[in-house]
Each structure stands twice: as structure tokens, then as C-alpha cells.
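K.L.:
Kindly produce the complete structure, drawing on both the sequences and the hints.
Protein chains in written order, with the working numbering: chain A, 96 to 348; chain B, 96 to 348; chain C, 96 to 348; chain D, 96 to 348.
Be a bit skeptical, because a hint or two may be false.
Identical chains blur together in the list; that is why a pair holds if it fits in one copy or across any two.
To be verified - Below, simulated DSS-like cross-link-like pairs (lysine-lysine); rule was C-alpha separation at most 27 angstroms, straight line:
1. 216 to 173
2. 229 to 152
3. 229 to 200
4. 173 to 229
Keep in mind the hints are simulated off the structure, nothing from the lab.
Letter by letter, the chains look like this.
4 protein chains.
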Amino acid sequence: MFSVDLNCDMGESFGAWRMGSDAALMDYVSSINVACGFHAGDASVIRRTIEAAVEKKVAVGAHPSFPDLQGFGRREMKLSATEIFDIVLYQVAALKGMCAALGGKLHHVKPHGALYNQAAKDRDLAGAIAAAVKVIDGNLILYGLSNSLLISESERIGLQTASEVFADRTYQADGTLTARTQPNALIKNVEQSCSQVLEMIAAQTVMTTGGEKISIKAETVCIHGDSAHALEFAREINRRLKETGVLIQAVEK
Amino acid sequence: MFSVDLNCDMGESFGAWRMGSDAALMDYVSSINVACGFHAGDASVIRRTIEAAVEKKVAVGAHPSFPDLQGFGRREMKLSATEIFDIVLYQVAALKGMCAALGGKLHHVKPHGALYNQAAKDRDLAGAIAAAVKVIDGNLILYGLSNSLLISESERIGLQTASEVFADRTYQADGTLTARTQPNALIKNVEQSCSQVLEMIAAQTVMTTGGEKISIKAETVCIHGDSAHALEFAREINRRLKETGVLIQAVEK
Amino acid sequence: MFSVDLNCDMGESFGAWRMGSDAALMDYVSSINVACGFHAGDASVIRRTIEAAVEKKVAVGAHPSFPDLQGFGRREMKLSATEIFDIVLYQVAALKGMCAALGGKLHHVKPHGALYNQAAKDRDLAGAIAAAVKVIDGNLILYGLSNSLLISESERIGLQTASEVFADRTYQADGTLTARTQPNALIKNVEQSCSQVLEMIAAQTVMTTGGEKISIKAETVCIHGDSAHALEFAREINRRLKETGVLIQAVEK
Amino acid sequence: MFSVDLNCDMGESFGAWRMGSDAALMDYVSSINVACGFHAGDASVIRRTIEAAVEKKVAVGAHPSFPDLQGFGRREMKLSATEIFDIVLYQVAALKGMCAALGGKLHHVKPHGALYNQAAKDRDLAGAIAAAVKVIDGNLILYGLSNSLLISESERIGLQTASEVFADRTYQADGTLTARTQPNALIKNVEQSCSQVLEMIAAQTVMTTGGEKISIKAETVCIHGDSAHALEFAREINRRLKETGVLIQAVEK
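P.N.:
Right under this line is the structure:
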């Protein structure tokens, strides 16, 4: 029997601004990545998100980002490895302490947006993130793009990792995601999305846009929470995976 | 033999801007209050400040503030008790986790600026701060103005507190500090400052600007680190207290 | 024939976060108040909002605020009169310049949230706002709460003002709005709301919650844009006022 | 007789943090670049800086930046051309309006830090900055690195430009500045610095670190204001240029 983790970014409201349907989505995922205040998520949003996750027994991860509220952490920034280490240290420490205070326990760390993408292919950046996570808590699991430098650098220093794949994105021959600027970047059909996920977890392969089968490791599947149909999509992915006999649960330590 | 804690606000640089002579001042105090990023102190400044304190074996406290970088946390703000609880939770969690990651252990919490002053006389605000500190770590010591509501509310829920007095400020008959707008608010003479401190820790009294003796509890003495003569002042206070046989050490749990 | 201005707060999105239905609402109001970046409204949001208003020939005002993104400018802050002058100067200058660059012309200034409320009853604060507006452009109209100190202080230094009333709020005997914490603070019925507006502009009176008639000056009526039924409400107010023969147009200089 | 503009970055304090010796430095330069709040310079700092410049009859420019307070605008960021246009529009509008309100007139625009460096070699970025400046005021002069794309793109759309050179930096064969990571990047000797400036304005050439003479256009010379010896350096450069018969004055329109 196969098992997989379904994760979703949450806690991305800020002050008077709402984003996502966090409470409803929590019923269909096994782990969540909580914004830490740098790209979204003020202290009150973070506290409420953790409280809800603790109540629903969903695994809580920190979702640290570049300091860029206006750009939602999606704009590339060039920080030194030391600056990266420091901002990850701060954000993960805040989330770990808040989880513990609210009756939970921080389970993993997944870098957000541009930080996630840059860490996939920049060894120094990946190393700085991994080092910060390890020094906060060596038992935290680091979620990173499957086949990325973030995964290999984290494993090199002894961290447990979870290779992440995307239910609603297509892949290129080199294992990277098709850029959002391309017409076929997104999978909008739930059926097709479930097939891709099932192939990734069962056969450990994925069909690229070029028609090739490439190998991929799928330990956690990202469900986007901020699109218009996010809730429906999550419910369907969850239902079909279960129907097929896949166990949906957070990555185990 | 008398003992007292000398504390100083530190980590108040931000990005390219420097403030204070943290490294030098650490030789003369027994505990420091580290800015948490809301009024000062970015992640790199915080990390460096904690590292220096761990090396010098100075007790580290969190110094949470209202979110007001431009006003340096000195401007009154009206937040709900829930918002106060949340921002203190976030800031203290960040500092506690960073201390642990860097080989130290968070020792206390001292609210900063306007948050400190408002918490001295607003019961709800004081209660929200105390509740947040307790839920993060019930062993943390809460530093508050001697005789204030922050002290009494913290003790009411079982937190250990440290009553704070000021070496360089004069007092009014009701136990409050003389407002900075008054001509005689500041004590600029080190000799006079030491005498006041000694009287406060030995006799548990202080002479007000009106010439009355009032009772005061002095468990920790604040040394300001951002004035022109801060370093010289700290060195002299430290030297003279030691000469008089006062033991300078962090508040014990 | 009576005429009145209908105004609405706009440009309150920020980065990835959307707020309000600005484009649709512009069809039903004669002037808008554009967030200036301190409580909402990044540079791109401001630019797009002004472009839309210029196209739809709606009068554009600046909507300056305390610097409090997380609190959406709704939390009281205590700034010096000089600080108030400076932040209003900066925000109004930015909006005036952007309007001119985009083919429009800044028409008025309406302080936002806590700044608006505090300026209604604090003479120094009101004076600082008025002075900043005047030095930027003495032809700008200052929108303030009817009967407030902001109106009187602005007129004292020669600024044109527009006394503002609220379509969806009830009034107290002293002319202030019923606090939102009271059960009868809001008027949710469009019919009742239109009656109140008509009475205010035709008879220059309003019925208080206590059943008294008090005098009130209504030169501009605020339509809230961020509630669930904002769009429907604005359309109805607009339609019924027109049916009754009221001319809806921006305050004339 | 030769003439040249000496410019200096100013208004880079923020809240409680001081930077630079603005008041003293203004005696030795003919134009200043005022931070606009995105990398430094809150509204009060900007207002005071403009007031001082108006009094001392120094030409005032806007110094817009990426939104990065913690990184002081020195960290590369990847924004879209539209985002660049919008943030420059906002910042320059604010400065232009404040200058006019305070009895001055905005004279030029010089992008700051990473924005300046990226605009030197990225055509889209350079074009977005130039377009924003032009739409605010087509009479503004754009200061850019001599021989850069920022200069050529600005001239292409009809803006007047000022080619900037550096008194305290060495040059490479391709006309770029020697990277700060190189040992010989900085000129610390005032004599040598003055010789370089004189050669650049008189012969329109500069000796590279490799010993070659290359051609360079020097209409404005940047004096750094934030180093330890900035004041002394500015005074000496000013004195020696005058002695040699060079007229120090802002770029004329």
C-alpha cells in the first residue's frame, strides 16, 4: 500500500487581508506550511492557523521566506548565505516556539516562493537554509523540490528530507517545473492531476511535457491553496487518492 | 551582602544602522534585553547579539515591542489584548528558539518602550503580556517597572518577576519616573546615580524629587545603552557597586 | 435641487492581497479616497486605481494614514504634531504627483481610520494635518467628520472643507457616530440609509438613536467599499438619490 | 574653465537611527540625492533634509530604491518593469511634492544602490526608470553611471542626463567600477582622488587599474557620505578642485 503526504501553504492572510480557505482545506491535507511573517502571516494569523491545525491534528511546518511583503516572497532577492541563515533561523524559531506554546510540535520546514526556487539550484543558499534548520532542531524534516540541491544539501548534513512534487504543475525533461509563463505549465483537470500524482508515488516516474518518462521521488504533494478552485481541487485529490488505496498522512520521522 | 542585576537594552541596530556599543557594554552588565525585530534588531543583529552574550556568559532576555520600526517602539499604540498576546508570543518564541540554537537559554522577558510603559498601568495589557510569556515558558522571569501592574499581573499567574529600577532617572511620590519632559528627570552624575542605586537595593527606598522617601523594590537596575556616555556610565556604576561590596549577577530562578 | 458627493475608500489592496471591488464601485460614486501606502495600497495598486479613476472621471483624493500596515491604520497611535505633519506631507505629495503624472489632478484629502477619528477631536493633530495639506496645495479640499475639529481647524487656516456624513452609520446626540461596539451602530437597510442621507442633505438634520433631531452638515457621503454588500449598497444609494432628484457630483472648488 | 557637480547621498537616517553628517557635508557639494523611504529616510528625515538643502541652496534630487529597508537597498531584487516603473513613480512624486511644498524644486533623480547598478546593464529596468521619471517631470535630470544603459535609455526618450563618476573608486578597462571585493577598488588618498577627478573632467579620460587610459564622461562626481572620513574627504576634494580653477555647481538644465 502506498502512502503520501498532502501539504498546503497556509496562514497567508495579513492584517485586514484574507487569503485562502485555510479552515476548510485542513480537512483534506496531512500537513501545512505556515507563513512566518516575512511574506505573509502576522502574529495573530500564525497563532490562529497553528491552533486550527493542532485541533485538526494536521502536521505543522514553518514556511520561511525572503523579507518581501509586497512581493509575497515571490521575487528573487540576492542575500548572502549568512543573511539567509539568519532569517531562516529567526522565522523557524518563532514558529517552533509558537507551536510548542499552543500544544503542538513543529514537524517540518518548507522554504517559500523565490527562496524555495533559488534554493533548488544554488548550493550555498541551500546549505544556509539546511544549516539554520538543523541548528534549531535536528529532527525537523526539510521539504524541498524533488531532485533539487536543497534536498541533497540537507541530506548531506544529516537532516531528514521530504521530496516534494506538484499535483497541478507539469514537468520538463530535466525534472524542473514548466515555467508559469508557458501555456502548458498548469494542470487544471483534477483527473489528470490525480493520475500524475498516482504515477509519481506508485511508479516514481512522471511524464514530461515532451512525452518522456523521467524518474521522480514523491514523498509529499503540494496542493495550492490560493487559487479559485483550491478547495474543490484538494477535496477531489484527497478523495481519489483514498479511493485508489493511497494512505494520506504526514511524512513520518 | 547585597546583590543586584544590571541590565541593558541591546541588539538595537538594524540593517546598515548601528546603535549602542553592545560588545563593550556586555562587560559591565549581568543581563541584556535583546530587540526582537519589531522596534529594532533584524535577524542578523539578533543572532550576533546572542552569540556575544553566550560567549560572555551574560543572561539573555527578549525585549518585545509594538510593531513600530520608525518610532523605535516608543510611540503609544492601542492594540487589543489578543493582538498584544500574539505579538509577544511571536517575538519571545523567536528569541527563545534562537538562544537555544546558539548554545544559550532565554532567561527573561522585558517589554520595550511604549509597551513597557503602557503595561505598567493597564491591567489588560499587562495580563496579555504575562499570559504570552507563561505559555511560551513558565520559567521565564518577567522584568517590569517596580510597583507596576505588569509585576502584579505576572505574579498573579505564577510567573517569577524582577522589579526594575533606573540608575539614571528620578522618581515621583507615587513611585513613577519623572517624565522626560521635566528638567530634573535625568541623573547625569554617576556618583549620585550610584548613591540612588545603593539606597534602593540596601534600604529599599528612594528619595523623590519632592524630597520624600518612598519604598521601592530593586531587583534589576536598567543601564541605558544608547546615550553618549553610556559606556562610561556603565563602567562606573559597575565599579562602584562592586567596591561597595554589591554582587552584580543576573536574577536567579 | 440638491447635490451631494458620494465618496468611497479605494486602492486598499496590497501586493498579492485584494480588497474591495474598486472598478465596479467607481460607477456609483463621484469621488474616491486612495490609500497612500501606509495602511494599504502599494505603488502599483495606487497607480492602477488612479488610472481607473481618471478614465471614469471620478475625483481622486489622497487617503493618508498612520504607518500601520498590519492594523490597516485602524489602531490609535500617538505621534507628535510634527510627525503627523511629515507623514501627511509625504503621502499627499506622492498622490498628487502620481495623479498629475497619470493625467489627473488631486482633488481632496481625507485622513484614514484612526488618524481620521483622532483628528476629529484633537486640535493639534487636526492642525498638523491641515497645515501639511495646505503647504502641498492650498486648493485641495479637506474631507472631515461633520462638526469635527478637523473641519474647523482646516477652515481656520483657509482650506476649503467638505463635511462628511455616513450613509450606513447611526448618530448620537452630540453629533458623533454610534460606536461600532453598540448593537444599533450600523444601518443595514438601504431604504433607511437613503432616508437618512436625504434628510441630512435636504433638512441638514439627522435623527439620533435617542430619537432627537440634531443639525448636521452633509457635503459628502461616505459609502464603505469593503463590506460584503458594498457594491449593491452603493448602486442602490446612487439610484434612489438620483430618483429623488439629487445630483451626485464631486464637491466643487 | 571647467565646471563639475559634486553630489552626495543624504537623508539616509531612519527613525532613531542616524547616518551620515548631512548638515556639514552640504557645505562641500552642489547637489544631494535624498532617500525616499524605501531603503532609508522616513518622512521626517526627508522633510528636514530638504529644508536644509533649500536653506543652503544645494540642488535636491530623489534617490529612489528597491523596497528593502533591512538591506539598505543594496541587495539585488528582481522586479518586473511595471513594478519598477510604479515604485519610481511613487518615490519621485513624493520627493517632488515635498520639495515644492518646502520652497524648493526637485532637480534630478538618481537611483540608489542595487537599483542603480542593475539599471546600468539591464535595458528594461533602465527604460522603466526613465519612463517613470519622464512622466513625473520631463525636466528632471537623470543621474546614471557614465557609459551605462541607464544613460542611453534616458537620452533615447529625451531626458537630460548627467554621467556620474566616482572620486574614490578605481575603474576597469570596460569602464565599470572595480568590484569592492578587489583590494584596489577604493581610492583612499585624497590627492590621488582629486587627480583622477581632474583628469576625468579635463581630459575626459581615466586610468584603469590595468594602466590603460579609457574615455569617460564626468558631469557629476559622487562623494560618499557614509564612510568614516567622508567629511574630511569632501572638504578636501572641494578645496582642491576650486584651487585648480574648477567651478563646482549643480548640473544646469
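K.L.:
For each hint, tell me whether it holds in the structure or not.
P.N.:
Hint by hint, here is what the structure shows:
Taking the shortest alpha-carbon separations for residue 216 and residue 173, both the intra-copy value of 14 angstroms and the inter-copy value of 17 angstroms come in at or below 27 angstroms. In this homomeric assembly, residue 229 and residue 152 come within 27 angstroms of each other (Cα to Cα) both inside a single copy, at 24 angstroms, and across copies, at 24 angstroms. Taking identical chains as interchangeable, the C-alpha atoms of residue 229 and residue 200 lie at most 27 angstroms apart whether they share a chain (16 angstroms) or sit on different chains (17 angstroms). Taking the closest pair of Cα atoms, residue 173 and residue 229 come within 27 angstroms of each other only inside a single copy of the chain (22 angstroms); across copies the shortest separation is 29 angstroms, beyond that limit.
Violated hints are absent here; each numbered hint is respected by the structure.
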